[in-house]
Amino acid sequence: MSFVPGLGIVKGMALTLRRFFEPKVTVRYPEVKADVPPKFRGRLQLLYDEYGTIKCETCFQCAQACPIECIDMGGIDTKGRYHVHWGAPETYGERREESALRRSGRPVPDAAYAHFEPIDLGPVDAVLEEHDHDPAHMLAILEGTQAAYGYLPVAALKRISHRTGAWYATIYGTATYYRHLHFEPPGDTVQRADAAERRPGDAAYVDALSAAIGGRVH
Amino acid sequence: MTVVARTWNRLTLPGKVVFTVVPLLVVLAVALVVALALFGEAVLEILGANLPIVRFAVAATAILLMTIPTAFLIIYMEMKGIALMNLRIGPDRVGPFGSLLSVVHGLKVLMKEDFTPTGADPTVFTLAPVVVYLSAVMALLVIPFGPGLFGVDMNIALLYFFAVGGLTVVGLLMGGWASFNKYSLLGGLRSAAQIISYEIPLTLSVVGVLILAGTMSLNQLVQNQAGWFTDWYIWQQPLGALIFFIAATAEANRTPFDLTEADSEIVAGFATEYSGMRFGFFFFAEYVNVFIVSALMVTLFFGGWNAPFPFPATSLELDPASLGIGLLLLIAIVPVVATLVFAAPFWLLRPAWPAWYGLVIGFVLFNLVAVAAVVGWAYVSFDWVAGLVWFLVKTYFFVFVFVWMRGTLPRVRIDQLMNFAWKWLMELAFINIFITAGAILVIDALSSGS
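Listed in order, the protein sequences are those of chains A and B.
Following this note's numbering, the numbering of the first sequence begins with 1 at its first residue and continues without gaps.
Following this note's numbering, the numbering of the second sequence begins with 1001 at its first residue and continues without gaps.
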């Protein structure tokens, strides 16, 4: 039952005969334009100028405008100083690097990447000495550092990275994973005042809103 | 060196031939016309006395000319058919539905450079496509297209067919050998091996029909199958027909047995060094071969020009002359009136269209109806038209099957090809012969005993 000689040929011929009468998929291009999604941008490619050099100045404007953030790019900045990248964080750790973010016109959102103030590294070194500079005890080191400073200063994290040999990104990841570790100094009132200063409309808005709904917003 | 001599030296060999032969032919034609005008009656008398020779010359010319539109049509069918099976549209730019694209291909091939490689044997190199093409055309001579529509009615037509058809191998080998290219030679040998191998089951598969019919004349074979479609030999020789079809596919170098031009394996086989019209003739020959093989399939197993059912004898009593002056009026008025009548519904139902749309559609519809009427009248009135129509319908059905197979099946390997021919087809053909002969013996014994 299973094998009839020529059955495959018959099946194939039946398939092509069905295809023969099916509607066709060809788009007659110059007369008919294919229906493309509105956000379709075509193929991404870099253009060359008349001197044969790439026109791209690594300004990241395209990456910034890209609605689905699919653009990865890297290159030397216009002054020829830094190698800069733009891309998905899995591909390029540098994407969130300060220079890249600044060049792209975005605010630097993460305290861990902000310029850090120099601090007294003595307590960190003591903690590291206590744990024998062993990256396997990273959580204990971080907890000790936080106990010493009250928070995790970026300078201390860089110090830990240098001394233990662990990648900064790994330490950063460990620190962000645990809720009880934080990068900001414990001065909530100051930060709130900061926010109010940055967005002066907020206070008036909150007042109006709480008046409207019966004083339940604080 | 004079200008003439320099121009002459710059011509290629085919160019030299053309530039000598064409003026010669023109002069000859003019001389012929003059001679006919002067000695017309005497010539007619001589022609009348040698009717068989004249008939043969006319038939050969007609068949030679017929191959050109046939090949164009089959090439178009192939391009369009395979495109449709691939969910593409296929040719749609030149002519209605792209039907003139194969003509454009022909012109393109004509305009390309006709190149002869250094070291090639120019005579054999040029003759090879001619041999391949002419063997195809000569094989067509014995095919009966309709009652009375055949080149020659030989009593050994089938034998002649296979003999002349086998000449293709000679042409392929000539092309492969004269190209001065080892790949061409290998390709030529390979296609020769393939065609010779499949010639055996092809010929053996027909023997069953020969035993049944007791004749080799194709004309006689077709007449034997007259009547209902149950009288066709396909019902008595299904195995023979199957073997014949498979072997014929290989014989015509068609997919899945198109190893001769397996461009993925051996560039283009024997045709590697060919370009221009000499290459074009190889491909013309291939498509003519498809037609021939389909025609022979129809002739041997599917009743040739016989209709599948006995058509009730009808005759139209039309005597246009009896209308007198009315006939002239009819010729003048009917096209206009019919065009307007056919256009009227479009004017009524589609008022948004410009008026000339309706006129054009009406004119085209009128032409279609008129052509259908003329063909229908010819079908009823002339025996040979009816035969030709049925023959062409059946033949082009098999041409379509070849195209269909090309759109479906992948190419086999050379060892699979050879194994299949020698280990399966030949044995099956022998079994077919034995069974047929045995059955005839048994039936004869039974009928004589009772």
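No lab work stands behind these hints, which were simulated from the structure alone.
There could be a bad hint or two in this list.
[Stated by the list, open to error] Derived EDC-like pairs (lysine to aspartate or glutamate); straight-line CA-CA distance at most 20 Å:
1. A:Lys-33 - B:Asp-1092
2. A:Lys-158 - A:Asp-134
3. A:Lys-24 - B:Asp-1092
4. B:Lys-1016 - B:Asp-1121
5. B:Lys-1108 - B:Asp-1121
6. A:Lys-24 - A:Asp-49
Small disclaimer: the values here were computed from a predicted structure and weren't measured.
Determine which of the earlier numbered hints do not hold for this structure and return their numbers in increasing order. The structure conflicts with hints 5, 6, although it agrees with all the remaining ones.
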